[in-house]
Amino acid sequence: MEKGTFIKMALTGNEAYAYAMKQINPDVVAAYPITPATEIVQIFSKYVANGEVDTEFIPVESEHSALSACVGASVGGARVMTGTSSQGLALMHEIQYIAAGLRLPIVMAVANRTLSAPINIHGDHSDTMGSRDSGWIQIYTENANEAYHSVIMAIKIAETVNLPAMVMLDGFIISHEMEVVNTLPDEEVKKFIGERKPLYNLFDFENPVTVGPLDLQDYYFEHKRQQMEAMFNAKKVILEITKKYNDTFGTDIPAFVEPYRLDDAEYAVVALSSAASTLKEIIDEWREKGEKVGLLRLRITRPFPYEEVKKYLSGIKAVGVMDRAETHSTLGGPMLQEVKAALYDAEKRPKITGFVFGLGGRDFDDEQANTVLSMIKDLKDGKELPLYSFIGVRE
Amino acid sequence: MKLKSWKELPEGAIIPGAPNSPEFKTGDWRTERPVINFDKCTHCHLCWLYCPDSSILTENGKIKGVDYDHCKGCGICAEVCPPSIKAITMEKEEV
Ligand code: SF4
Ligand code: SF4
Numbered sequence: 001m002e003k004g005t006f007i008k009m010a011l012t013g014n015e016a017y018a019y020a021m022k023q024i025n026p027d028v029v030a031a032y033p034i035t036p037a038t039e040i041v042q043i044f045s046k047y048v049a050n051g052e053v054d055t056e057f058i059p060v061e062s063e064h065s066a067l068s069a070c071v072g073a074s075v076g077g078a079r080v081m082t083g084t085s086s087q088g089l090a091l092m093h094e095i096q097y098i099a100a101g102l103r104l105p106i107v108m109a110v111a112n113r114t115l116s117a118p119i120n121i122h123g124d125h126s127d128t129m130g131s132r133d134s135g136w137i138q139i140y141t142e143n144a145n146e147a148y149h150s151v152i153m154a155i156k157i158a159e160t161v162n163l164p165a166m167v168m169l170d171g172f173i174i175s176h177e178m179e180v181v182n183t184l185p186d187e188e189v190k191k192f193i194g195e196r197k198p199l200y201n202l203f204d205f206e207n208p209v210t211v212g213p214l215d216l217q218d219y220y221f222e223h224k225r226q227q228m229e230a231m232f233n234a235k236k237v238i239l240e241i242t243k244k245y246n247d248t249f250g251t252d253i254p255a256f257v258e259p260y261r262l263d264d265a266e267y268a269v270v271a272l273s274s275a276a277s278t279l280k281e282i283i284d285e286w287r288e289k290g291e292k293v294g295l296l297r298l299r300i301t302r303p304f305p306y307e308e309v310k311k312y313l314s315g316i317k318a319v320g321v322m323d324r325a326e327t328h329s330t331l332g333g334p335m336l337q338e339v340k341a342a343l344y345d346a347e348k349r350p351k352i353t354g355f356v357f358g359l360g361g362r363d364f365d366d367e368q369a370n371t372v373l374s375m376i377k378d379l380k381d382g383k384e385l386p387l388y389s390f391i392g393v394r395e
Numbered sequence: 001m002k003l004k005s006w007k008e009l010p011e012g013a014i015i016p017g018a019p020n021s022p023e024f025k026t027g028d029w030r031t032e033r034p035v036i037n038f039d040k041c042t043h044c045h046l047c048w049l050y051c052p053d054s055s056i057l058t059e060n061g062k063i064k065g066v067d068y069d070h071c072k073g074c075g076i077c078a079e080v081c082p083p084s085i086k087a088i089t090m091e092k093e094e095v
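Which chain is which? The protein sequence lines are S and W, in order. Each residue of the first sequence is one higher than the one before, starting from 1 at the first, in this note's numbering. Each residue of the second sequence is one higher than the one before, starting from 1 at the first, in this note's numbering.
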C-alpha cells in the first residue's frame, strides 16, 4: 500500500469499530448486546457467521460473563476483544479490575452512553468515567475515522504493555452517524498488529503457572506497584506506536492530546470526543473575529497526559474544561479535576473553570459552544466564575 | 524466606512453577494442634483421608505424625478418628 492512500468507506462509528475488529481477526470475542453498542458485535457476529473471521464468538448471558469469558480466553493466550456501553460496562466493573490486575491486553470498543437512573440510552461519558481507576488504558475518539484507527493501535499498545484498553466514541452522535473512514487493507492491519506474545503459555505443561492466586499483605502491594509501572511505561509506548502508525500509513492521529489553534491563544477550552469538533468550528468563527482562543482535545486519559496538559496550557490566561459527566463530588466534572491537578505545579498556572454539559445525550450546539467561550473569555478578563457551571440545562 | 521486590516478580501476578503449595506455610495461625497417641492408633488412615491440608504424614502404610508447618488445627482428624479409638487430642497452642 502506498502511504496515505486509503480505502475510503462510508461507515457509522459502530460499523467502523466492527470493521476494524474484522481486520484484527481476534481469536475470541465474548459480548452481550446493549444500545448503542449492540451493532458492534451484531455486525461482527455476521462476519463470524459468514466465515470472514476465524474468531470464536461467545454470546453470553450478561456483560459480567462477557468480560469474564474474555479474561479466561486472554489468560489462555488468545487475542481477545469485546464491546459494550453504559450499564453493560457498569456490570463489567468487577471484572475490569481483574483483567487489568492480571495484565491481560483485552481491547474493548465502547459507545459511550449515560447511566441510569433515570433510564436513558443516549451518549455521555458517565459510563467510562466510572472506570477511570480500573487500570485500563482509556482512549476517547472524536469521530468514526479516529475510532477505526484507534482500535487497531489499541491492540498493539495493549499487547506491548500487557494492560487492557478501552476505545470510546460518543454513543449515537458518532456510533450511528455515517462518515467517510479511511480504512487500511487487511494485510496492512495484520502486519502492523503482528502476533500477541503472552507473558506465559498456559499450555506449556513443562512450565506450569498458577494464575490468580490469593495475594495478601506480603505481595499484593508489589503486584500493584508493578501494574503501575506498566501504566507509567504505557506513556512511552503509546507515543512510539502512534508515531509508527502515522509514519507507516500517513494518518494524522494525535497520541494523547490534540492542540487546536493554541499557539498564540490567550484562553482555551479543553474537551474530549465529538464535542471537540463542535468547538473547533466555533473557535474558527471566533478566530475570524480576532479572538485568541484555542482548544486542547484530550484523547487518551489513562495514562493521564499531565505533561502535555502542562506544556500546552501553562501560560494561557484562562482555561475552561468540558465534562460530559458528573462526579457528584460538588467539585466539578472528572476532567476538570484532573486538568486542575496537572496544572497545579505549572509555572504559569491559568485561571480554570469547568462546564458540565450534554448529560443524557443533550445536544451540544453552537449556542452552548459560544456561551462556553464567552465565559472563559470573561474569566480571562477578570470576572469571577463559579468552580463549574452547567451548560445547556433549563434553569 | 526473603520477600521479593516488585521488580523481581513475574508479571501478571502469577506463581511460576509447580508444586509450590508446600512453600506456603499454612500452619502459623493454628490455635490448637492435633497430637496422635501412637499407643492407640490403629493406622486406619481415616485422619489422613479427611485432612483438608494433607498434613497427616504416612509412610509404608503407617501414620508417622503431623506436618505442623501446614496443619491449620481444624480438628477434623480428631473428629474422624473412630470413637472407640480416639487416638488424636487437640491441644492448645502456646501463644
Ligand atoms: S487439625 Fe486439621 S489440618 Fe491439622 S492434621 Fe488434623 S485435619 Fe489436618
Ligand atoms: S484416624 Fe485415628 S486411628 Fe486412624 S490412623 Fe488416624 S489417628 Fe490413627
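Hints were generated in silico from the structure; no laboratory data involved. All of these numbers come straight from a predicted model, not from anything done at the bench. Hints should not be assumed to be uniformly reliable.
As the list claims (entries may be wrong) - Pairs of lysine-lysine, DSBU-like flavour, derived with a Cα cap of 30 Å:
#, chain 1, residue 1, chain 2, residue 2
1, S, K236, W, K4
2, S, K243, S, K289
3, S, K235, W, K7
4, S, K377, S, K292
5, S, K348, S, K317
6, S, K243, S, K310
7, S, K377, S, K289
8, S, K197, W, K7
9, S, K224, W, K7
10, W, K64, S, K224
Hints and how they fare:
1. S:K236 x W:K4: holds, 27 Å
2. S:K243 x S:K289: violated, 35 Å
3. S:K235 x W:K7: Roughly 19 Å between the alpha carbons, so the hint for S:K235 and W:K7 holds.
4. S:K377 x S:K292: Status holds; Cα separation ~10 Å.
5. S:K348 x S:K317: Since the Cα atoms of S:K348 and S:K317 sit roughly 9 Å apart, the hinted pair holds (cutoff 30 Å).
6. S:K243 x S:K310: holds, 21 Å
7. S:K377 x S:K289: holds, 13 Å
8. S:K197 x W:K7: At roughly 20 Å apart (the allowed maximum being 30 Å), W:K7 and S:K197 satisfy the hint.
9. S:K224 x W:K7: Given that 30 Å is the threshold and the Cα spacing comes to 11 Å, the pair holds.
10. W:K64 x S:K224: Not satisfied, since the Cα-Cα distance of roughly 42 Å exceeds 30 Å.
Hint compliance for this structure: hints 2, 10 are not met, and every other hint is.
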